[in-house]
Amino acid sequence: MTLPQTMKAAVVHAYGAPLRIEEVKVPLPGPGQVLVKIEASGVCH
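Heads up: the sequence shown is residues 3 to 47, going by the working numbering.
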């Protein structure tokens, strides 16, 4: 399985700032870690 280079992420840059959807780099798992694909998620704000 090949990993994509980027993913969409919900990001808040500062306290009280609006939630923004941004393209970010997919992190590579380190030793003893796994990367889990999330298909959907809900965010309460």
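Treat the hints with care, since some could be wrong.
Stated by the list, open to error - In silico lysine to aspartate or glutamate, EDC-like type, Cα no more than 16 angstroms apart, as pairs:
no., residue 1, residue 2
1, Lys10, Glu24
2, Lys10, Glu25
3, Lys10, Glu41
Stated by the list, open to error - Restraint-style ranges between C-beta atoms, simulated for each label pair:
no., residue 1, residue 2, range
4, Lys39, Gly18, 15 to 23 angstroms
5, Cys46, Thr4, 28 to 36 angstroms
6, Leu5, Ser43, 15 to 23 angstroms
7, Gln7, Glu41, 26 to 34 angstroms
8, Ala42, Thr8, 27 to 35 angstroms
9, Ala16, Val36, 14 to 22 angstroms
10, Gly34, Met3, 26 to 34 angstroms
11, Ala16, Ser43, 27 to 35 angstroms
12, His15, Cys46, 16 to 24 angstroms
13, Arg22, Ala42, 25 to 33 angstroms
Hints in this document: simulated from the structure, not taken from any laboratory. Cβ coordinates follow ideal geometry from the N, Cα and C atoms, glycine included.
Going down the list of hints, with the structure as the test:
1. Lys10 with Glu24: holds (5 angstroms)
2. Lys10 with Glu25: At roughly 5 angstroms apart (the allowed maximum being 16 angstroms), Glu25 and Lys10 satisfy the hint.
3. Lys10 with Glu41: holds (11 angstroms)
4. Lys39 with Gly18: 15 to 23 angstroms: Once the Cβ atoms are compared, 31 angstroms apart, the range 15 to 23 angstroms for Gly18 and Lys39 is violated.
5. Cys46 with Thr4: 28 to 36 angstroms: With a Cβ separation near 33 angstroms, Cys46 and Thr4 satisfy 28 to 36 angstroms, so the hint holds.
6. Leu5 with Ser43: 15 to 23 angstroms: holds (19 angstroms)
7. Gln7 with Glu41: 26 to 34 angstroms: Between Gln7 and Glu41, where Cβ atoms are some 19 angstroms apart, the hint is violated.
8. Ala42 with Thr8: 27 to 35 angstroms: Violated - the Cβ-Cβ distance for Ala42 and Thr8, about 18 angstroms, lies outside 27 to 35 angstroms.
9. Ala16 with Val36: 14 to 22 angstroms: violated (30 angstroms)
10. Gly34 with Met3: 26 to 34 angstroms: At 19 angstroms between Cβs, range violated.
11. Ala16 with Ser43: 27 to 35 angstroms: violated (22 angstroms)
12. His15 with Cys46: 16 to 24 angstroms: holds (19 angstroms)
13. Arg22 with Ala42: 25 to 33 angstroms: Violated, at about 18 angstroms.
Taken one by one, the earlier hints fail for this structure at numbers 4, 7, 8, 9, 10, 11 and 13, listed in ascending order.
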